[in-house]
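Given two chains presented individually in distinct reference frames, assemble the corresponding complex, making use of the accompanying hints.
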Amino acid sequence: MRTKLGYLFIFFFSLFTFNGLSQNTDTSSTNALFALSLEDLMDVEIVSASKRNQNITDAPSIVSVITETQIRERGYSSIAEALNSVAGFDVITDYYQPNLGIRGINGGLRSWSRLVKVMIDGQNVSFRSSSDNFLDPSLIPLNVVEKIEIIRGPNSAIYGKNAFLGVINIITKKGSEVENSISHFLGNINNNTTFNISTVWGGTNKNLDIVFASSYSQFDYSGITPSNVPGSSIYNSNEKALKNESNPLSVYLKLKYKTDSSGIITLDFNQQHINSTAEFLDWGTLTHNNRLSLFKGYERISYSNTFFNNFETNLSFAHTMGKPIKNEILDNDSDPTEWIEREVSYTSYDFGFNSTYAFDNINNFSFGIDYTTDIHDHQKFYTVNSTGIRTLNPGGTEGYENFNNLGIYMQMIFNAAEFFAFDYLENLTLTAGYRFDYHNIYGDVLNYRLAAVYHIADKLSTKLMYGTSFNAPSSVQLYSNYISPGGIVGNPNLRPERAKTLEWALVGKLLKDINFNTNVYYTEIDDKIEYLLPYGDIPNISAKNVSNIYSAGIEAELNANIGNNTAYLNYSYERSILEKNDPILDQIRIKTALYPSHMIKFGNILYLPRFYSSINIEGRYISSRIASDQNNFIYDPIEYSINRYEIDPYFILDVMISSTDIKIVKNSKTKLSLKIQNVLDTEFNYPGFNNYDIPGLGRTFYFKFTQYI
Amino acid sequence: MKKRLKDKLILFISLVLISTIACEQLDEDYNKSSFKNPIRIGVIANVSIGREIAENIFFAVKMAADEINQKGGIDIDGEKRKFELIFKDSEGNPKTGIKIVNELIERKVDIIIGPTTSAVAVEMTQLCIDNNILMMTYSATIPEISILEDEDLIWRTCPSDAFSGRIMAQYSIDSLQYMNGAILYRNDNFGVSMANIIQERFESLGGSIVAKSYYPTNGVDISNYNYDDEINYLLEYEPQIIFLAIFEEEVSKITQDLWYSNFYQDYNTKPTLFLTEGAFPKELLSNGQPEVLETIIGISSSTTNTQNYSAYKSNYAEKYGFDPATYSEHAYDALYSIAYAIQKAQSVNPEDLKQKLRNVTKDTSPNHEDIIINVNEFDKAIVLINSGVEINYNGASGKIDFDENGDPNSTFVIWGLENDKYKEISYYNR
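So the sequences go chain by chain: A and B. Counting from 20, one number per residue, gives the positions in the first sequence under the working numbering. Counting from -16, one number per residue, gives the positions in the second sequence under the working numbering.
None of these hints come from the bench; they were simulated from the model. Note that the structure is a prediction, hence the values are computed from the model and not measured. Misleading hints may appear alongside valid ones.
[Claimed, not checked] Quick list of in silico lysine-lysine cross-link-like pairs, DSS-like style, CA-CA up to 30 Å: (1) Lys406(B) - Lys399(A); (2) Lys15(B) - Lys563(A); (3) Lys342(A) - Lys563(A); (4) Lys339(B) - Lys563(A); (5) Lys275(A) - Lys345(A); (6) Lys599(A) - Lys54(B); (7) Lys302(B) - Lys563(A); (8) Lys193(A) - Lys70(A); (9) Lys302(B) - Lys599(A); (10) Lys339(B) - Lys296(B); (11) Lys599(A) - Lys296(B).
[Stated by the list, open to error] Derived CB-CB ranges, DEER-like: (12) Thr392(A) - Gly202(B): 50 to 56 Å; (13) Ile408(B) - Ile253(A): 56 to 62 Å; (14) Ser297(B) - Leu425(A): 40 to 46 Å; (15) Leu465(A) - Glu407(B): 45 to 51 Å; (16) Ile408(A) - Ile408(B): 55 to 61 Å; (17) Asp605(A) - Leu131(B): 34 to 40 Å; (18) Gly304(B) - Asn623(A): 52 to 58 Å; (19) Glu407(B) - Ile408(A): 33 to 39 Å; (20) Gln237(A) - Glu11(B): 42 to 48 Å; (21) Glu360(A) - Ser297(B): 41 to 47 Å; (22) Leu465(A) - Ser297(B): 35 to 41 Å; (23) Ser297(B) - Asn662(A): 29 to 35 Å.
All C-beta atoms, glycine included, are put in the ideal place defined by N, C-alpha and C.
Bound-form chain B, shown alone (with noise of 0.2 Å):
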């Protein structure tokens, strides 16, 4: 009888043993953030252009509004509001991009970041103003966003490829002396309008663009698209430089079709391939024809030898475990933005925002003493703006701004690719 209990006691352990240490251990937890009458921002990304591109816009504005909610949040009026991000994919897509706009307003999100794209951005606008909704985009550099007749709803912490496109132009014949220029561009509105402004700015100079030629964007998975008919119509006109108005998802199998091209192999010098605005450098290091990458440069709006940049991309390292990919800082800014605007005008509410958006981010007094507000000084920026005191943000991707079209005054810079390594050469300014 006492060896039967004792049987029983040891399964009765075991069991309980096991049953304890798994219980605790097997729930979900999804860790979902809820706010009491949180400030609601939507922020729209393109996924379709490459997850993780999409993901450090994300996490770039995430990062702001956790370092704001880590700090109480906005004072309005007494009261702590904090930040509660919804995010959302725009597909790359208007009709979605619409779609997307309008489950934000059903869900009552005060401010708009983003789309990621021009040809979104462009359709969502509309939405925005009729709902007199902010939005602020990180990325969509189509020169139309700047004449729109928005009711100063629509801006951008990214500057206009007016100005990028006439400086690419402008470097290839100040500073590399070529005179002729091929463009391969995306059929799209960003893509068209890029050529377009490179092509102005280039011939207007004295160059001549011999060769223009374009491939699909939709219907086609454009990372494995053949682009040899585009490429070869291009090289039979030996151009000095071939200007690429493209994204991140195409680039490497471009380099890759360049190189087995038999054209582009018969050419004693091979052509520079100039890239415009996008999250290049990274993609192509990983992805890219090797041969090919010294041959490449591009521009950007993101200056990285900046303290602001290093402290931005520091923190962001530290949080996430890897750098920042370009138009991030841009995202980042935004938010930060929008947060000193909204603590300078005690208000949500857009009509109120709109020229705190310009106070707080260029400096507005008459003396120009208005005190500049780095990265890492939000508890400092705070004390400021409720003592009265005019600030001037100078975020991640330098000096914001704003102009009376929502546009910043941007530092662009010509980068390239040396040893494997990204490598800036040349600074210019809007």
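Next comes chain A alone, as it looks inside the complex (with noise of 0.2 Å):
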């Protein structure tokens, strides 16, 4: 194997020393070509805090900022790739879907990143059903990205349900703006092939701006074995995942008209493909049988218009739909004369109005006002036997169901001089929004946000932010019934989960070239939901409102330009203690699962101008952290709430060696690159919820291709 890649190393370096010496090119004009790796992040605007174009230091929330250069230059194939460089964010994942957790939580057994809300431009893009974020690269072509908004706390006063612990705004590039181009990568994952093929497309004409891009992949992640829980023995080494494939597939396309007279409308689609042969699920493990498909977009209309220079307004209306696609197979045994088939769709109609009137450059007065309507069938699994005989499982329901949700928020930015005669008062700006939810399941849910931003000096300033959010209980939390007995059921009985979260930030620049934005973060969760096992006179694993969190942690986040190097350098430490009920001990407090206490992540793009290429390396220490519920059952079923045992800490290295534009085909320019994830091999596990945990991939290659047009 180290043959090959030296050898493979080799080619690489070699590929870029011949083609820089034809090209003859100057050393400052290839400085040119990184001169977007070298844009401050201080400056970047960004809309998700306020609905209000702001740059990070007056917006009022702790926020990063992923631009579509470091998605480029990092390598990254996923959205979820990209936040794994974010401080305060952990993903794991089971090979399905990854799973993002924030802030000292996780969202544990079946939470495919349900604690934040995720949205394209602003269209809330979670599978409605189960209120999951699917991260992979089926979510958005990653080339037509022009950056990543993260927030981190509570947002519900402005986006209302599951703005919970945070929001991530992917923001697409305009036609105009996108590079032509189809790129191609082939893999090498634990021996297997895997490979990438995206294309984006875009230009505008007049007043129509055009954006059009895809991407299909296919990742191989066989060959891998489940990790015992310790002191257990169910999986030997020979037991491996035969068939763990993932094929996501992405269409992302948007139309937007212009004019000065009649304002902008905009036209966006989105269509997401999830196929996979997952192996490590909770249920089914090892079957080779399974056969995950799901399908989900949403088509939107939009309309934006600034009226009496100063009275913005938007109207949208967007309609999503979300579905299993029909080969789609649940294998939950190793009985080859059944398995399971499943339902659960929602189609849902959003209808969002928002006006802003500025009365400055700083103070603004928001109001907005959206209904959505989810038309639900619940989820429900049927077991089929080898004659076709489809029949439903126990508690299942069918039929159709009207989740209705009216929102309505207002939102008030001001600068405390207006109101208050105190000249130092002149730095600072403050923050109210509100947000009242009316739900025709689980009923009415009032949010609310103070914010305080004082600018200390220029690029620099501190925030005290205090905010409220909450979690929707979706309809397979509230209804589904089990795939085999014993498994997951529904709660009808399930309330929201209420956050609220206190948070100062000091935020900006230390020198011309460093800048840095750390946060300190107390967070407190009530009625926060989880998946039980079977306890008391309920035999199947439900979810129940049943816990309490409190959490509390800090953030830093550092950016600098030295010389030919780009870099960031991320801490993050939390604590978090979880108090529940346990009948056998009563009331105890201890911390929460699934989620370490210290990340440290890094990384350093080196420019070889000389050599037209670069070199990225990112690291990133995740601390230990303790097994799931349902693993430490199996470690102690007695005191399996106390007695827990921990997932050994790692370290994970990556290398990127990539090329300028160099020219292969004539008139066209060409990247190449070469990506090594986990350089060092390091052997690790993931948090697994049935009786093991999840192994990582060793070392893996990409090389990859990409040809503007």
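Laid out in structure tokens, this is it:
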């Protein structure tokens, strides 16, 4: 293997060297090629914190941004991979979907990133039946992403439900900004071939701006073996995943028509296909016959205009839907004569209106109203036998049910000196937001947010923020029947999870080329929903509002441009306590499971203009974390609440070598890159939920070729 | 300068505010109790048959211990001693049972409540006898336990299968008028013993067991096992009733496999399924094949139509938020029987407790003057015992009345499922 790796390096460097000599390009112009990498993150405008354009130091939230330059130069292949570089985010996986944990809390069993709200240009893109967010490459073709705006902390005062512990808003490029290209990567994961092909095309003609992108991948994670819970020997080393593939497909289209007189009309469209032979789910582990196939997507038309120079108005209508695709098969046991099929779907209509009256550059007042109808066909599983008889498993309900939500919000941003006669308040900007949601299933929810941003100096500010948020119980959590006896069933009595967060931040520049973003936070969550193991008179795993969580931590980010280097360094520490009533021990307070206390993440791109290339190194240290409740029950069936094992800490190092724009095809440019993930071949595990933990991948290789057209 | 000071002040106040609120809430607390000179009770259950079943046992014993401890505990020679419980999982494995009994002996337990299953109980008994540990099981029903040479150290609050098996056979013939039956049973101590008792009694009453079939319990995932072969074999003989000597973990899958059997679908009148004792109703209503449920009946030694059971159920539901499962009341009664015996004996020594256990659970006075003690009457019982008055504890599971073998004199109930609800059909005395 080492010899192969060496040959690959030699080939790659030879290619760069040869190409560099033939082009005879001077160094100064090559430097210009990297200009985008040196942009100052403090100057990047973001919109997600208050639905107003603001830079990071002004925004009344804890904000991080990942730009398209960073995505490209670090070689990220999915939104999840990009988010894993951010302080306070922890991404684990079961090879079906990534599962994003945030600030000490992970959604746990069958939660795929449902603690945050994920949007594309403000449009909610969760799979609404379960509120899961699929952050794998099916979410959006990465080459159409302009930036990812990441807000840690509550945002239900603007975005309503599920903007619970954070918001991820993916901002797409305009057609005029897009470099038309076709990309292909070929990789080796555990001696299995993996590949991707993606395209992006955009352009502008008079008033019309168009962008189209698509991406299809095949990842093959076969050949890995579940890691037994300490003390158990359920799986031996010969029991491997034989068919652990994922084939995400994503398509995106946006048309924008703009005139000075009549405003902007935008039509955007996104489709996501998930097709995974998942072998490491909490059911059907290594049955080799699972195929989870889902489709989801949206079409939206929106209109925005500014009247009287200071009255901005936005109107949008979206249709979204999601459901399994016909080839889905759920095989939960070793009996080949029976399998499971499921029905679950939603069709939704989102109507939104918001307007902002800007008194001046700082002071403004916003008002918004939105109405959503989700028509749910609740999740239900059927057992199918070899003769084709299809029987609904007990507990399932057939038919459709509407989930209707009306939301109204108001927000005011103003300079404190406008109201109070103190000169030193001139640098203080206050934000007050309030949102009321009425839902026909779980009732009224009121959220608010208060923030004070004080400008200590130019590009240096401190922020104090307090806000509330909620996570709504999903249709699946409320009404699902089980896959097999003892499996997860819904609980129609669930209430929304509620959070309140106090945050303080210091953001700005230390030196000309170094900026930082640091914060401390304290979050309390009430009515946290957990999937409980069978207990009491309930013989199934079931969701219940069962615990409170108290979480505090510090997150620090440092970005620097030094010489030919662009670097980042993140550190996050959290301490989260889960309070619950254990029937044997009564009320106990224990550390939350699944989330590491310490994370250190760093990266550096070294530009080598003379060699027409750059080298990117990224690393992350993830400290130990407590295993899942489900696994701790195997570890200690009696005192699993308090006698728990920890999953070992690990350090992962990724290396990528990229070319600059070289010329292979006449009159167009080409980029090549080689990325090696986990170059140290570290052995590590992600938390699992069914008698085993999930092995991480060893050293993997990706060779990427991008041809600009 | 002043401005800088204010900036720093804002920063400082913010940090202090967040830190102060956070620190108070971020300490771990396992809430583990510790008592001075406690009475140590080992509580053993088998989590592998269903976590919720085992926990119901633990919860019931804990509730009894909490009730007694909250009232000061047991007064032994003027010293108030509280119950400290040590919970253990036998995994349904006799070897593990031996291991955890040794662990409990090392931890100096005075008494053991448990285990759940007969196979484990049989292996544990000799170790308890050798170490002079009093053991009281709440659900090991195998008849052999009654006839052990146990030096009066092995007790149980659940009745022997010898009684329940015979009643099942008798009810099938006398009340249901079925003359040909079949038996599906676990291939373990419990299943084999129960199948033999049912067959012997059924045939002695003139009936015929037309087929018997068993399935393995070792090395298979019992809740996902494919029961087609065993079920189809029995159905070929067209039994009117199938006796199921099984545990809760497999009952739902058996009902599903039965429903998918072509033989079963061909039956005009579906055979009745008769379940031995176990925590079946809730599991069946949640996970059983709905079309099969109304053909099911079962037997239980817990009669739920008594005031004592109602009181117990109410206390349990208030404490834990859900209703108790079968056998938990037997576990609850085990601790109370022991508590009253200790109070009466003024000792935790098994030698002193043996006869006292019978004294406090049956009417022993020649003139039948014993005062009946019901659930929720701990204070009254202590006063009476300390006054020298004989008591007769009638527990959550009903009359206990330990006999010379350490077996209870229980009442049985035949139950069924009607419109997705548990229903008691008929009652039998041992």
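Of all the hints numbered above, which does this structure not satisfy? Sort the numbers upward. 4, 5, 13, 16
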